[in-house]
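There are 2 protein chains.
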Amino acid sequence: MTLHHPTVEELELEAVLHALSDPQRLRIVRVLADEPLPRRCGSFDAHVTKSTLTHHFRVLREAGVIRQQEAGTSRLNSLRRDDLEGRFPGLLDAILASAPHAAALV
Amino acid sequence: MTLHHPTVEELELEAVLHALSDPQRLRIVRVLADEPLPRRCGSFDAHVTKSTLTHHFRVLREAGVIRQQEAGTSRLNSLRRDDLEGRFPGLLDAILASAPHAAALV
Numbered sequence: 170m171t172l173h174h175p176t177v178e179e180l181e182l183e184a185v186l187h188a189l190s191d192p193q194r195l196r197i198v199r200v201l202a203d204e205p206l207p208r209r210c211g212s213f214d215a216h217v218t219k220s221t222l223t224h225h226f227r228v229l230r231e232a233g234v235i236r237q238q239e240a241g242t243s244r245l246n247s248l249r250r251d252d253l254e255g256r257f258p259g260l261l262d263a264i265l266a267s268a269p270h271a272a273a274l275v
Numbered sequence: 170m171t172l173h174h175p176t177v178e179e180l181e182l183e184a185v186l187h188a189l190s191d192p193q194r195l196r197i198v199r200v201l202a203d204e205p206l207p208r209r210c211g212s213f214d215a216h217v218t219k220s221t222l223t224h225h226f227r228v229l230r231e232a233g234v235i236r237q238q239e240a241g242t243s244r245l246n247s248l249r250r251d252d253l254e255g256r257f258p259g260l261l262d263a264i265l266a267s268a269p270h271a272a273a274l275v
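If you read the protein sequences in the order shown, they are chains A and B. Count along the first sequence from 1, add 169, and you get the number used in the numbering used here. Count along the second sequence from 1, add 169, and you get the number used in the numbering used here.
The set of hints was computed from the structure by calculation and includes no laboratory data. Given the structure is predicted, the values throughout are model-derived calculations rather than measurements. Note that the Cβ used here is the ideal one computed from N, Cα and C, for glycine as well. Heads up, a few of these hints could be off.
[What the hints assert, rightly or not] To list a few chain B residues with every Cβ distance to chain A over 10 Å, as calculated:
no. : residue
1   : D203
2   : T221
3   : T223
4   : E231
5   : S247
6   : R256
7   : D262
[Said to hold, decoys possible] Quick list of in silico lysine to aspartate or glutamate cross-link-like pairs, DMTMM-like style, CA-CA up to 25 Å:
no. : chain 1 : residue 1 : chain 2 : residue 2
8   : B       : K219      : B       : D191
9   : B       : K219      : B       : D203
10  : A       : K219      : A       : E239
11  : A       : K219      : B       : E183
12  : A       : K219      : A       : D203
13  : B       : K219      : A       : E183
Hey, can you work out the whole structure from these sequences and the hints?
Laid out in structure tokens, this is it:
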């Protein structure tokens, strides 16, 4: 299965803001921002069901906030930092600077 | 009737991002950002019903994005620019820089 990712040109501000307007998704992004390497979905202890977590990752991917790669039975997640910065300069940094640190999630 | 406005300390990033994740609300904010004086709700030609527009203004006010003052039978709206900048530095500017100009709405 190929996972759909919007191109940089397809990124929409409203969709990105919506994706980041949820506390769980904001925390996922916060963790990925601190992470040099792609991270498995299962490594997020998010205190929600697996299907809810899968939903959150999908919203983030479809908005273009994260990239997901299949890796065996798992998915690896990484932040599309450069793409977001290119399209919406300063936005992600401003959000990350304001978002609470998510050490508890790691 | 006194309209409730969150204090600066009560502003929540998720609520602000949610408020700004809607195209109509983003356009309202864009117009207010270009406006030196408070602006009546009725002055926004938003191509939506009055009740939908009232809803959008309420979401923006409750998130702390705008301030609404009663003025006779009308409400005057202004952007809480300094409050937002103080709490979430750079966020509003990054969003406004990325949001399409809303000349058509004025």
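Hint by hint, here is what the structure shows:
Its beta-carbon lying about 17 Å from the closest one in chain A, B/D203 satisfies the requirement of being farther than 10 Å from that chain. Non-interface call for B/T221 relative to chain A: holds, since the shortest CB-CB distance, roughly 16 Å, exceeds 10 Å. Under the 10 Å C-beta cut-off, the non-interface status given to B/T223 relative to chain A holds; the minimum distance is some 20 Å. Listed as a non-interface residue, B/E231 keeps its Cβ farther than 10 Å from every Cβ of chain A; the least gap is roughly 14 Å.
The non-interface label for B/S247 is consistent with chain A: the shortest C-beta to C-beta separation is roughly 21 Å, beyond 10 Å. Some Cβ of chain A comes within 10 Å of the Cβ of B/R256; the nearest lies about 7 Å off, and the non-interface call is violated. Under the 10 Å C-beta cut-off, the non-interface status given to B/D262 relative to chain A is violated; the minimum distance is some 7 Å. A C-alpha spacing of about 17 Å is found between B/K219 and B/D191, which places the hinted pair at or below 25 Å, so the restraint holds.
Among the hinted pairs, B/K219 with B/D203 is consistent with the structure: their alpha-carbon atoms are about 23 Å apart, no more than 25 Å. For the suggested pair A/K219 and A/E239, the alpha carbons sit about 17 Å apart, so the restraint of at most 25 Å is met. Among the hinted pairs, A/K219 with B/E183 is consistent with the structure: their alpha-carbon atoms are about 22 Å apart, no more than 25 Å. Distance check on the hinted pair: A/K219 and A/D203 sit about 23 Å apart at the alpha-carbon level, within 25 Å; holds.
For the proposed pair B/K219 and A/E183, the alpha carbon gap of about 22 Å is at most 25 Å, so the pair holds.
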